[in-house]
Structures are given as structure tokens and as C-alpha cells.
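For the sequence shown, counting from 1, position 92 maps to 92 in full-length UniProt numbering; every step adds exactly one.
If you are wondering where the hints come from, they were derived from the structure by calculation, not from laboratory data.
One or more hints might be untrue.
To be verified - FRET-style restraints, in silico, Cβ to Cβ:
no., residue 1, residue 2, range
1, 77, 10, 18 to 26 Å
2, 249, 74, 48 to 56 Å
3, 101, 74, 18 to 26 Å
4, 61, 3, 21 to 29 Å
Quick reminder that beta carbons are idealized off the backbone N, C-alpha and C, glycines included.
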Amino acid sequence: MRTWDHVTRDVGEAAEMLRAEFPRLALSTEDEARFAFRHSGSDESRWSFHRSRVQGSATIIGSVTEGYGVGRVRAGSAVLEYAGLRIDTTRPYLRPPGRSTLLVEDASLELVVLDQTAVRHHAPRYLVGTDLGLIAPSAENTAPVSAAAERLWNAARTYAGEVVNDPELISSAPVRDQLFDLLLRSFLRCFPVTSDTRTLPGARRAVLPATIRRVLQHMDDHSAEALTVADLAEIGRLSVRAMQDGVRRYTGLTPLQYLRDRRLDDAHARLIVADAATVNVAAVARACGFVHMPRFARDYRLRFGENPRDTLRS
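Please construct the entire structure, taking both the sequences and the accompanying hints into account.
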């Protein structure tokens, strides 16, 4: 595994630093007096973590083609555009290939990149039993698929960062395997990078009707609450039957199954970053809306392939 940490106040050196990792990106500034640049990170064959800090202002133009990228602005100002289409950088965002312009000022940025070949090789085993297939990221759809998905990605990214920064842990090949597994599973669940393979070739999943979108969004944002099908039907302004049929059509799940999965994802995200010395599984499960602990443990094992206690202890 490789690590690096480069600092400079020279614009030319900064451009070379960035180009060494992303050959199709060009950095420039009109404020050389204030400019300073730091780029640090680590990588192995399947993933890379990049952290950049820009003092003053800078413009970065070009394309990130090295893999599936997910960016985050930790501080400062960052405006990212693809052909005039502005990306929401207040949340984690996909960094699809294609020419882009990034304007930054006194900003701290992060980018996680998953190797394309590794993703394409391993993703199918996580999609077994579904009608989903991997699709290329699009600048038209870069945000996490829901608020719960955003929380899950943030938790996975935070945990991964802690592991990467621990020399003893990250030196272990099994730990690096588990890290890639966590990042890939979270990436596939959290971002619009899969599509229903039953649609026409190249087509994306059908656009959700506003009624069903309201129902799904409410479950995403209020998953810990005691919601009933009657509550959800009222939110969608539909009959119970129409709401149930609509949710099943667009997700392949009943409303309560969808709600259960959102709660499981939330519990998983919380357990990943929880301190086992001060937090227990039951408290996390209750905070996420579960009341029956044996059923929670069973469903958790089915979804994540491990016991919730194992996630907490890891």
C-alpha cells in the first residue's frame, strides 16, 4: 500500500502533485500570493483515499477517469459543474467521468475512488437475487439515493478513514479486504449506480411518480418512527392498496419491507462507528425503530452476513 502527503505554495508544483494522481486534471490560480496546497492520501489496487486542502482560490478543470469516485467538501467553498450542470456539494456526491470545472476557495476536499475493474468484478455478488445491474454514474444524478443512504455512506467513510489512518490495522491484508467490502457494499446501496435490468438496454429506472416518491422519502427520513401502512397511504394521498402496489412496483418490496431495510441500514451505519465500550446493540436497534430484538438480529444477519454484535466489536 502507498501513502503520501505533499505540501507546497508553488502553483506549478501543486498542479504536478494533482496530475500525478489524476492525469486529466489541471489546477490553476489567479491568487498566487495567498495560494497553498496540500494533497495527502493512501491507496492500494482496489481503492484510494485523497484529501486536498486549498488555501486561497483555485480552479481545477478536467475529468476523473480513474474509477468510481465519491467526493465530499469538508470545509470552505467548492462549486462543481459538468457542462453547466451544478453538482450539490453540500452532500457526498458522485464524481462521474466527463469534463468538469471545480472552483474552490479555502476548501478542504475528500475523494474516495473505487477501482472500476474491482467494482465490476465484485459488484455482481452483492446484486444476486435482484434485477439490478451496475450502470455508469451520471452528472445528472450524483446525490445519495436517500437521507438514510447518506448517513450510511458517511458512517462507512468515517470508519474507513480511521482504519486507513491506523498503520497496524491497514497493514493487514484481511483488514484491507474487509475495508474494500464495506466501501463497495455502501457505494452500491447509497448511490444511483444500479438500474433495473428488466428495462430497455441503457435505460435508467423509471421515474418515480410524485405520490410514491413522497412515501419513500418519508420512510427514508422518518424510518425510526412507528409508521403504519395507513400513515404512508395518507402521506402519498393514495388508498392503502394503491400505495402498497406502487411501492412494490418501484422497489420490489412491500412498504414495511422497505421500511425494515432502511432501519437496518441505519442500524448498520450506527454500529460501524459506535464504541462497544459505551453502546450496546439493543440501544442502537431501539433508536432505529426496532422493538423485537431476536427478529432484528435475524434480519440483520440476512442483510449484512454477520451478527450486529460482530459489527459493533469490529
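Results of checking the hints against the structure:
Checked against the given bound of 18 to 26 Å, the beta carbons of residue 77 and residue 10, roughly 23 Å apart, stay inside it. The hinted window of 48 to 56 Å between residue 249 and residue 74 is violated, with their beta carbons roughly 39 Å apart. Against the hinted window of 18 to 26 Å, the Cβ-Cβ separation of residue 101 and residue 74 comes to about 20 Å, which satisfies the hint. For residue 61 and residue 3, the hinted distance range of 21 to 29 Å is satisfied, since their beta carbons lie about 27 Å from each other.
Of the hints listed earlier, the one the structure fails to meet is number 2.
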